[in-house]
Amino acid sequence: MPTTVTSVTSPPHLPRAHAPARREQAFSFLWFACALMAVVTVGFILASLVIEGLPAFNDTGVLRFVLGDTWNPTFDPPSYGILPLLAGTLLVTLGAMAISVPLSLGAAIYLAELAPARVREVVRPAVELLAGIPSVVYGFFGLVVLVEWLRVTLSVPSGESVLAGSILLGIMSLPTILSVSEDALFAVGRDLREGSLALGATRWQTISQVVVPAALPGISAAVILGMGRAIGETMAVLMVTGNAAVIPEPLFNILSPVRTLTGTLGIEMGEVAIGSPHYHALFAVATVLLAVTLVVNLGATALLSRLNAAAAGRSMSSTPGRLVASLFSTRVLLGLAAGIVALVAGSTWGLIPALGVLSVSAVLSVATGRLSRRQSEAIAFALFRVAVVVVLLALALILFDIVSKGLPAISWEFLAGTPKDLGRGGGIFPAIFGTLCLVAGSIAFALPIGVGAAIHLVEYRSEGRVTRAIRSGVDLLNGTPSIVFGLFGFSFLVLHLNLGVSMLAGQLTLGLMVLPTIIRTAEEALRNVPQSLREGSLALGATRWQTISRVVLPTAAAGIVTGTILSIGRAAGETAPILFTAVVFSQRQLPGSLFEPVMALPYHLFVLSTTVPGSDLNRYGTALVLILVVCGIYAVAIAVRNRFSTTMRL
Amino acid sequence: MTPSDSDSTGAVLETDGLDLWYGSQQALRSVTFAVPALQVTALIGPSGCGKSTLLRCFNRMNDLVEGCRVEGRIEYRGDEIHRPGFDVVDLRRRIGMVFQKPNPFPMSIYDNVAYGPRVHGETDRDRLNECVERSLRQAALWDEVQDRLGDSALGLSGGQQQRLCIARTLAVEPDVILMDEPCSALDPIATAKIEDLIDALKQRYTVIIVTHNMQQAARVSDWTGFMYLGRLVEFGRTSQVFEAPHEELTERYITGRFG
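Sequences listed follow chains A and B, in order.
Sequential numbering of the first sequence, starting at 1, is according to my numbering.
Sequential numbering of the second sequence, starting at 651, is according to my numbering.
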């Protein structure tokens with residue numbers, strides 16, 4: 001057949017895509033510039049903190065500043081010693097980790113390995129909800145419910161204590177640790193699980209010996225992220241720890257009030273005279289806070305890269321993995337669970353029940369040595385189920401309290417009116433509007449830059465010094481506490497750039513704060529796109545940017561949207577970064593331009609619950625609306641993600 | 651050339667009227683046959699014919715696939731493996747499996763091989779060492795890795811990784827070894843090594859191998875089953891199936907005149 005012959009000898013001519021080289025270069029440069037933003041921002045933050053804090057270090061002396069045991073800046077003569085603040089931060093963080101790491105790892109393992117699909121579908125949104133509850137709402141709940149409960153149950157004069165802060169921070173860091181480690185567990189190849197099961201290992205052996213060690217880098221990252229959140233958390237801690245700048249006597253007296261580094265900044269920054277020694281001292285505190293988080297993060301990064309090298313590497317032995325596998329035994333799990341139960345029992349009912357629990361668990365843990373592997377599997381799995389139930393209970397408790405007491409406050413007047421009588425009456429419309437504006441602005445600023453930076457890091461990386469600098473910049477930015485962004489926004493955007501306390505300053509500050517979250521999740525989503533897809537596209541003659549925009553980004557869209565969800569939730573609920581940059585407590589009219597200050601829901605709730613007595617109903621109402629706004633944003637985003645993941649997932 | 655041959659050697663695994671569905675899609679249709687002991691049995695057939703699915707029935711690996719449903723009998727040494735209370739973990743210890751893609755754990759070479767004995771409770775250092783060496787020798791890998799047992803297994807070549815996975819399987823001293831296209835990701839030299847290995851293994855183990863490659867089936871197996879669209883079309887001595895197939899479908903497949 002002649003037609004066949006012609007089609008073979010001269011294939012249909014495909015038009016060549018016209019000269020893409022220049023456009024390719026422009027895109028490449030654009031993404032590089034985005035990625036550079038992260039480094040530049042870190043530079044600015046560091047510089048502004050150090051410059052403003054330097055006078056305080058000079059006056060007091062670094063050593064006396066860090067190790068001084070009295071913080072009393074308003075006394076005459078003032079004393080600036082932050083040891084009590086450091087102790088407060090350390091105790092609250094450790095307490096929070098002791099509560100949340102076992103709970104969230106247990107729940108993560110249950111969800112990733114054991115849960116039937118239907119249970120997973122219920123629990124996962126619940127955890128996302130837990131992550132979406134703004135810190136100021138946690139603080140509010142802590143103040144009116146948790147602190148009160150502790151005071152009555154333990155019959156102490158005040159429940160504002162290390163314990164209250166730890167419990168609250170523990171719950172708050174749960175979702176981070178849980179979801180990140182669940183992802184890490186999920187990412188462990190099915191072939192490894194099958195390989196282990198095919199050798200006759202039990203599921204628990206497979207999980208503890210193969211899956212968890214293989215997911216270890218991700219799990220450590222999860223714990224560190226959670227810890228970072230705990231160290232840097234301001235509002236919730238400030239509202240429940242009592243804020244007495246004392247070192248607890250003895251150090252492990254978890255019922256003593258403390259004041260954290262972040263709490264100090266949140267309380268004192270608003271009232272300090274600009275340029276005074278106290279002002280500089282606060283920046284010095286922020287510098288120390290940043291240094292602490294830097295050390296944590298650098299240590300974590302170093303650990304992670306070593307583990308990654310071990311997992312992928314040629315010559316490294318797998319000691320860390322083995323170590324974890326051996327640590328991660330049923331006996332250790334039981335011990336941990338018993339420790340927590342004993343702690344709770346001890347603080348609630350006194351010493352004797354605590355000792356009882358401890359001795360029972362000691363007997364149990366000796367007994368585990370004799371358990372068959374089937375029995376230890378059953379015990380371990382039961383503990384994981386308990387962890388999930390505890391997580392769900394915490395969520396239910398918080399939601400029930402706020403919804404049941406907040407609903408009576410909701411009315412048309414409340415939603416659409418302006419506040420009256422210092423927020424005791426009237427509505428909160430300006431605050432709702434302000435929060436939406438702040439979130440929209442910050443995401444509009446951070447999303448393009450964040451995704452661009454991620455594209456640079458994943459698709460154009462040539463692992464050189466610059467990329468490494470960018471990566472550490474993102475890491476540092478990610479570990480930076482939100483209150484530090486607030487201070488930076490205040491000194492740089494509000495004062496130096498003369499934006500004033502304005503919506504724009506707040507949007508930029510919030511945008512910078514969520515930038516690393518977006519970069520990281522987008523990076524991960526891009527990395528999860530199989531290399532074979534890129535190669536498939538490139539092999540068809542597509543350019544790099546064509547491949548990225550048509551194959552890689554659509555495939556990664558679900559992951560990127562997830563990152564954005566997290567960011568939006570955070571931006572909507574954050575108080576600390578806008579505390580000094582964007583908000584006012586009461587406003588008659590809506591802001592007319594980006595350069596006017598706004599009201600915001602989280603700040604409104606904060607002021608109502610800490611300084612306006614007699615506003616109970618409106619507090620609960622505001623908390624409920626804030627949760628609803630955040631959840632509304634989430635619901636939309638989750639719906640978008642689910643659509644993406646059904647149409648785009650492989 | 652008759653079923654009595656398989657009776658004389660004794661059957662390790664037997665299926666009777668085995669049906670399997672993935673959701674609403676039926677992947678196996680009434681498969682009935684017996685796997686002779688201490689022989690190599692090959693399962694051949696075009697892609698999607700159900701040969702890997704059948705293989706994964708023997709150690710109940712299909713339990714891990716959501717929506718998978720099995721009907722009919724599978725007996726391992728006379729014991730129905732789907733009966734309530736059957737110990738599937740123990741079944742998998744006795745019936746080892748080598749996967750299509752090498753899947754070494756992200757641990758050292760030593761730990762990979764020692765993994766199985768360890769999960770079965772072996773803690774004695776000397777016995778572990780001895781077991782690791784013996785397994786690696788049996789898998790013809792010892793000479794290549796004896797100086798670097800502490801190195802990550804992920805640094806080995808594909809063929810070495812696959813032999814490591816075989817060594818890992820041997821270390822738990824199974825009764826049957828299932829191999830799911832073990833050479834499909836390997837080059838010809840590595841393939842030749844694995845084939846030699848399979849030949850040596852049948853001294854002590856019953857081997858069932860799924861393969862795409864008819865020459866490979868002809869080279870390594872004593873018995874061959876030809877599968878098509880979820881049915882076991884023909885099962886018999888390899889020489890008979892390849893030289894004088896009873897079924898026309900088999901002949902057309904063997905001679906490459908398929909479809």
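None of these hints come from the bench; they were simulated from the model.
Treat the hints loosely; a few may be bogus.
What the hints assert, rightly or not - Examples of chain B residues toward chain A, derived with CB under 10 Å:
1) L688
2) D713
3) C718
4) H732
5) F736
6) V738
7) R744
8) I745
9) P754
10) P756
11) M757
12) V769
13) A821
14) P824
15) L828
16) I839
To be verified - Derived, one-sided and incomplete: chain B residues facing chain A with beta-carbon distance under 8 Å:
17) M711
18) V715
19) G746
20) K751
21) Y765
Unchecked claim - Which chain B residues stay away from chain A? Per the calculated CB distances, all over 10 Å, these:
22) E716
23) R768
24) G771
25) W792
26) Q853
27) R854
In this text the structure is predicted, and so the values were computed from the model without any measurement.
Every residue, glycine too, gets a C-beta built ideally from N, C-alpha and C.
Mind verifying the non-interface call on R768(B)? Its CB should be farther than 10 Å from each CB in chain A.
Violated: least Cβ distance 8 Å, not greater than 10 Å.
Does the claim that Q853(B) lies off the interface hold, with its Cβ farther than 10 Å from every Cβ of chain A?
holds, 21 Å
Can you verify the interface hint for F736(B): is its Cβ closer than 10 Å to any Cβ in chain A?
violated, 14 Å
Holds or violated: is the Cβ of L828(B) closer than 10 Å to a Cβ in chain A?
holds, 8 Å
A closest beta-carbon separation below 10 Å is what the hint needs, so does I745(B) meet it against chain A?
Interface hint status for I745(B): holds (8 Å vs cutoff 10 Å).
Distance rule for R854(B), whose beta carbon must clear each one in chain A by more than 10 Å:
holds, 17 Å
With chain A as the partner, please determine if P754(B) meets the hint condition of a C-beta pair closer than 10 Å.
Constraint on P754(B) satisfied, holds at 8 Å.
Restraint: P824(B) near chain A, CB-CB cut 10 Å. Satisfied or not?
Cβ of P824(B) sits 8 Å from chain A, so the hint holds.
Proposed interface contact between G746(B) and chain A, which counts if any beta carbon pair is under 8 Å:
holds, 6 Å
Identify whether the interface hint at V738(B) stands, where standing means a beta carbon of chain A within less than 10 Å of its own.
Status holds, d = 9 Å.
Close enough to count: is the Cβ of K751(B) nearer than 8 Å to one in chain A?
holds, 6 Å
Restraint outcome when M757(B) is required to lie within 10 Å of chain A by C-beta distance
Check passed: Cβ of M757(B) comes within 4 Å of chain A, closer than 10 Å.
Of the numbered hints listed earlier, those contradicted by the structure are 1, 3, 4, 5, 16, 18, 22, 23 and 24.
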